[in-house]
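**Student:** These are the residues of each chain, in order.
There are 2 protein chains.
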Amino acid sequence: MSEEFSIIGKGVPRVDAVLKATGKAVFGADVSLPGMLYGKILRSTVPHAKILDIDASRALKLPGVKAVITGRDFPWGLKYGFSALYRDQTPLAQDKVRYIGDEVAAVAAIDEDTAEEALDLIKVEYEILPAVLDPFEAMKDGAPLVHDDKPNNICSVANIGFGDVEQGFRESDYVREDEFSTQAIKHGFIEPHAALSHWLDKATIWANKQSPYVASRKMAMALGLKPSQLRLIQTYVGAGFGSVKSDPQSLDFCSLVLSKKTGRPVKIVNTMEDVLVMGEGRHPFYVKVKTGMTKDGMLKAMQVYAVADGGAYTSIGPITIALAAISTDLPYRIPNAKYDAVRVFTNKAYCGSLRGHGVPQVRWALGQQLDMMCDDLRLDFAEVSLKNAVHTGDVTPRGLKLYSCGLSECIEKAVGASEWKQKRGKLPPYRGIGMSVGTYVSGVKISGHNSASCIVRINEDGTASIQTGATDVGQGSSTIVSMIVAEVLGLRMEDITINSGIDTDFTPIDPGTYGSRVSFFSGNAAKLAAEDAKRQLAEEASKLLGVPSEDIIFRDRKVYTANNPEKVLKIDSLVRHVGQKISAENKTVWGRGSFDFDSPYMDFTKGEGNLSPAYAFGVDVIEVEVDPETGKITILNIVGAHDVGKVLNPLGCEGQVSGCWLMCLGQCMFEDLKRDKVDGHVLNPSFLDYKLPTAMDIPLKAKHIFVESNDPNGPFGAKEAGEGASTGLLHAFRNAVADAIGVRIHDLPITPEKVLKAINQKKG
Amino acid sequence: MSEEFSIIGKGVPRVDAVLKATGKAVFGADVSLPGMLYGKILRSTVPHAKILDIDASRALKLPGVKAVITGRDFPWGLKYGFSALYRDQTPLAQDKVRYIGDEVAAVAAIDEDTAEEALDLIKVEYEILPAVLDPFEAMKDGAPLVHDDKPNNICSVANIGFGDVEQGFRESDYVREDEFSTQAIKHGFIEPHAALSHWLDKATIWANKQSPYVASRKMAMALGLKPSQLRLIQTYVGAGFGSVKSDPQSLDFCSLVLSKKTGRPVKIVNTMEDVLVMGEGRHPFYVKVKTGMTKDGMLKAMQVYAVADGGAYTSIGPITIALAAISTDLPYRIPNAKYDAVRVFTNKAYCGSLRGHGVPQVRWALGQQLDMMCDDLRLDFAEVSLKNAVHTGDVTPRGLKLYSCGLSECIEKAVGASEWKQKRGKLPPYRGIGMSVGTYVSGVKISGHNSASCIVRINEDGTASIQTGATDVGQGSSTIVSMIVAEVLGLRMEDITINSGIDTDFTPIDPGTYGSRVSFFSGNAAKLAAEDAKRQLAEEASKLLGVPSEDIIFRDRKVYTANNPEKVLKIDSLVRHVGQKISAENKTVWGRGSFDFDSPYMDFTKGEGNLSPAYAFGVDVIEVEVDPETGKITILNIVGAHDVGKVLNPLGCEGQVSGCWLMCLGQCMFEDLKRDKVDGHVLNPSFLDYKLPTAMDIPLKAKHIFVESNDPNGPFGAKEAGEGASTGLLHAFRNAVADAIGVRIHDLPITPEKVLKAINQKKG
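Line by line, the protein sequences are chains A and B.
Residue 612 in the working numbering sits at position 611 of the first sequence, and the numbers go up by one each step.
Residue 237 in the working numbering sits at position 236 of the second sequence, and the numbers go up by one each step.
Be careful, since some hints might not be right.
Looking from chain B toward chain A, a few residues come up when the C-beta cut is under 7 Å (computed) [to be verified]:
#1 VAL19
#2 LYS25
#3 PRO228
#4 ASN460
#5 GLU461
#6 ASP462
#7 THR464
#8 SER466
#9 GLN468
#10 THR498
#11 PHE507
#12 GLY580
#13 GLN581
#14 ASN587
#15 ARG593
#16 SER595
Keep in mind the hints are simulated off the structure, nothing from the lab.
Positions of the beta carbon are idealized from the N, C-alpha and C atoms, including for glycine.
Modelling step: build the complete structure from the supplied sequences, incorporating the hints.
**Tutor:** What follows is the structure in structure tokens.
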């Protein structure tokens, strides 16, 4: 494929591979400044209480303690949060605490041990309030209110739909209603949050943020500053997956204010225990779904009721439940749909986005139910999927526009490569195969600044320096952006220098990494910037070569035309000509590009209009074997066929999809954030007890197939890869286990104990 | 003045004032990295010798020593230097040493003491060669050759002239010939050179460079790298004044290669003794000048022969002697001139540029001689200067173009404010007054990339972030660039964020700070970038306000038109509109500007054509009192009238001119780098013995007058301020002392001992 390209479509190793592999990349906790203090945060020990008094006098007397701050050290009542309607967080608790782990006070001391010791000396007087941990209990009249101004603990609702579902059910031959739920899981990144602040002439913070601009804007807001009065410098990021690395959090604010108070740099690094007890995590969902289809498998109607357990604060939750609704539009043509969701406050750590953001939980339910309905009607899941699949050119009833769609091809290729038809229902006992169909956006427009931008400087030696707003949190965006610029300018990868982190003072404004927007938005911005630089160089080359500038080809560090290939200039000579000619036109060539798409800002409650410029699709088939003696599940093989629009970097696409699969299998087989039933405190706050899988726990034998639907608006045709569309694997896994043992296990994770119990129940 | 401006012309404190005054600005020696090693450099102890062998084995055995490097650790024979014709330096001596202080080897160790101790253990075996210290001896046939390929030790020559000097002398009523000389002085910056290198995936160096691009390009050259393969990050710079902070030096290369060799960061900081014994310094000049004028004071011809003592290497010396020739074109109309100069190698530390770069030494001669000729003819120096002064529109015979010239007004204002006519020759005994006329370029085009560029990002809160290539070495360019951008965009100073240093990977390409180019070139680039951003914002405002975009005024954080002032938009609202509208046009506004002037690259040997886009002029009058008992000279008053084109920042202009005066008076009264007559080693390598004056040594009672000739090509009309045009004070001082005591003292500095001796000789 891609013979017209020099770099796009080739397997290019990550530009930061050597630095990361040799341990030299500077991550959040690695940044240090002379004279630095160390901070620690005191967390609430009760799930719900009014703060009556905080006495820090003993802590302040401890030698080495330089400052203690509480909610009173921040603008009183000034809250930050997801949007104007949903601001409910303060850097430290001001009125009350809402979960065990909520931040109450912070200490800066000369070392971590002293800071830790000081925490024990801070006395917090609470007036205990009744707590509510279950979202259904929380919605009842008379339940304790997590936020006094939110009746029935309703954080947000989404009521999205089209057509007439009742009519659709009447037109159906078969209607089935089921209930599903998902457990609480965490992102499982291996680098905890870290912040180092130095409030000199301006508030300055180094932090491992996934969306530095969003985080810095919210930090400024809660500190009563203008956005440009706070500078955030992004370090390398040891993965984000949508966690509070997108947002600011207590540690950021506390390091800033402790630095202002002490006049010294202050570093705070979360422990992994902090990470596991605090917000955010993936929303546990309860999903009731009723689906109607004809006896030959044509979908007629779908009705979904979803309850998301949001925890103590709003965070990004309104998007979570709204985004999840795309499962009623995609990946199947459904003429009538109704989606009603509610996000509920409870006295637990708050939830937010996690790889796929709401979509996995709802697709988990819908994909399973469809599998069950196919079983009931003796239809083939793959054929039903193909029959109902959306296509290029479709506009869903509520307005999602498919400029590209390779779903049918994905189904066909996955079916072929996995030998689905030969295996489904035909495998030996205790072996099973399951299929899933996934879909996801390529960026959504939330609020505020949405466009991406990029600056490309052409250097005198014919190389290029890129300043991108794309934030690489491990997904490889720096490599993709570099490849795009190199391709456009006819350079090689080693000719490209790219900024390794965001500096909100100077690098391009870009809201960051979320919603699978980066390759699409920042990639397009990079392409536009490179093309802008190319245009300027082509104008000069045109004069020198005596050919029309639009005919000039940039390739292999040279410029020439197809008709006159002997008239050739090396790019470095051309750049030196532009930069050194005896003329007032002598200049540095800078290309700039900004990109946005004309979709509307997302409507979180009604969900109308087109959500995203492009949608990706993925079909995953997983084959498992169950040991009937132990209940242990072994993954035999996974085949994934994904429509990523265009494979920019096969190594990147494969890595992203494999990573997503690993996370899905973690949720399916191992991970579970267990909480005490009475006060909600986390019972297993370590990766060992939480059971985060490693690559060794899930050896993946996998085959990656990529379908190139060449989205007309994506950079070189690319769209989302390896986030939401791959999380279908959750239901493929469960479908495969059901195929293997003939029983469906209802609660996640599907552990050997549960498998064994199900086998034995079926036997006896 | 300047009521049309909001910011330009106002006294704006420096943007880095707080950081510098509170000690928080990070200068060269302040940068540190974890695991860092410390480097030290071994210097030659002999003035001229072949290196037969270097034995570092004992040093390497010293515990804590991690590496020793010599000339063999660099590409053999790969030399760097000022231009292709004049490359004669290697990072460490490879074939021979050429002065006491020349760099021979370098050590990296775990601390500075260990590195220092290791230097003593390195054994260098020399074959001693005869040395030559005096430039006239050096030019003789048979003299020892500093560089074998440079006969008679001639480094470079400049033969510049126009008209027919013999004819000019014939037309003159009075012809006088004199000889002058200047002593060796140093830059006297208070921050020594420092470099910290970390050669990770690419060669990276933090250094206090005055011209980071020039320095980094030369570093790459000598290491056999492409320019973009080396990244230089500029720290704050504790002044440069044209020293080797413009160029790379041994310490930079050694820290890089020691880092590569050890895999660890390596920091090397010069001691002040290093600074005083090594290159560069101001070239000592011998100047023979023959001038002819009519009896009423019209200049007819001038013939100059200059010999510059260059020391052991070329450095930037060819420019020094070429640039000095402008004293024959300016500040007076001279129809016939001949300037022949030679730069000579000697076995001493090499010389380069120092504030005014060649011009002070020659103007020192010419200005004194003119004063003597006026005395001889009983003419008034001021009247003669006025009579011969160049004017706006003049093109000198060799092609210097004066688009602006306020010299006559400077003379008139200085005469008035200093009471020159009432005082010259009429003061009581032992009081005297002297006048000087100075001139300087506003940037010269040397070679390579000459244009300046700038990027202005408009932030969502209506503020602006600037990435400038201007390098602020203390002259205040960050403040000037910020003012220009704020003025264009109608913002306030607190709305501006500017990069505090250059990062060669990303910030705009700009050759740096030299030749008084920064305000003119980088200022123009900043203005163009701001105007580019303004144009984009105006287009949007035009749509919103329904007025033509060209009528829109940007002022006080608002946009409006003069005709409809009630139709007004706040800039922050406008920016948010541009960045958040529901449209594919949604974008970040970036302005970009590149500036160059269409003057030719400088011809170092013939000096033909226009040297600079603009020329500044200054007239200084100094009044002194001499104590006849002690010889001590007290400065009573200085009046300076300077044509700076346009005063962008009066605080900056006054500061720059005062600083230049202080340096001139240092050379006049105190400073003298004394060398041993036999081997040339520096006898006074400390500021105490060298006698660098402090502000307390020369309390300045001064009056600053600025003449605004509004150069049509300068940013808002501005051109050079406080560099070369103010160095005329050198000869004003000597003229004043002559007026006070009736004797001219020939050798600098004019110390109390010399004054007393002169008074006594005159008496006796």
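**Student:** Against each hint, give a clear statement of whether it holds in the structure.
**Tutor:** Okay, the hints, checked on the actual structure:
Annotation: B:VAL19 was flagged as interfacial toward chain A, and the flag holds, the nearest CB pair being 5 Å apart, inside 7 Å. With 7 Å as the threshold, the beta carbon of B:LYS25 comes within range of chain A, its nearest partner Cβ sitting at about 5 Å, so the hint holds. Below 7 Å, beta-carbon pairs count as interface contacts, and B:PRO228 has one with chain A at about 5 Å; its hint therefore holds. For the restraint placing B:ASN460 at the interface with chain A, the shortest Cβ-Cβ distance is roughly 5 Å, inside the 7 Å limit, so the hint holds.
With a least beta-carbon distance of about 6 Å to chain A, the hint placing B:GLU461 at the interface is held under the 7 Å criterion. This hint holds: B:ASP462 has a C-beta 5 Å from the nearest C-beta of chain A, less than the 7 Å allowed. At a threshold of 7 Å, the smallest CB-CB gap from B:THR464 to chain A is about 4 Å, leaving the interface hint in force. About 6 Å separates the beta-carbon of B:SER466 from the nearest beta-carbon of chain A, less than 7 Å, and the hint is met.
The criterion of a C-beta within 7 Å of any C-beta in chain A is met by B:GLN468, whose closest approach is roughly 6 Å, and the hint holds. Here the hint on B:THR498 is kept, as its CB sits about 5 Å from the closest CB of chain A, short of 7 Å. Taken as an interface hint, B:PHE507 checks out: its beta carbon lies about 6 Å from the nearest beta carbon of chain A, inside 7 Å. For the restraint placing B:GLY580 at the interface with chain A, the shortest Cβ-Cβ distance is roughly 5 Å, inside the 7 Å limit, so the hint holds.
The interface hint given for B:GLN581 holds, since its Cβ lies 6 Å from the closest Cβ of chain A, which is under the 7 Å cut-off. Below 7 Å, beta-carbon pairs count as interface contacts, and B:ASN587 has one with chain A at about 4 Å; its hint therefore holds. Taking 7 Å as the C-beta cut-off, the interface hint given for B:ARG593 holds, the closest approach to chain A being about 5 Å. A distance limit of 7 Å between C-beta atoms decides the matter here; for B:SER595 the minimum to chain A is near 3 Å, and the interface restraint holds.
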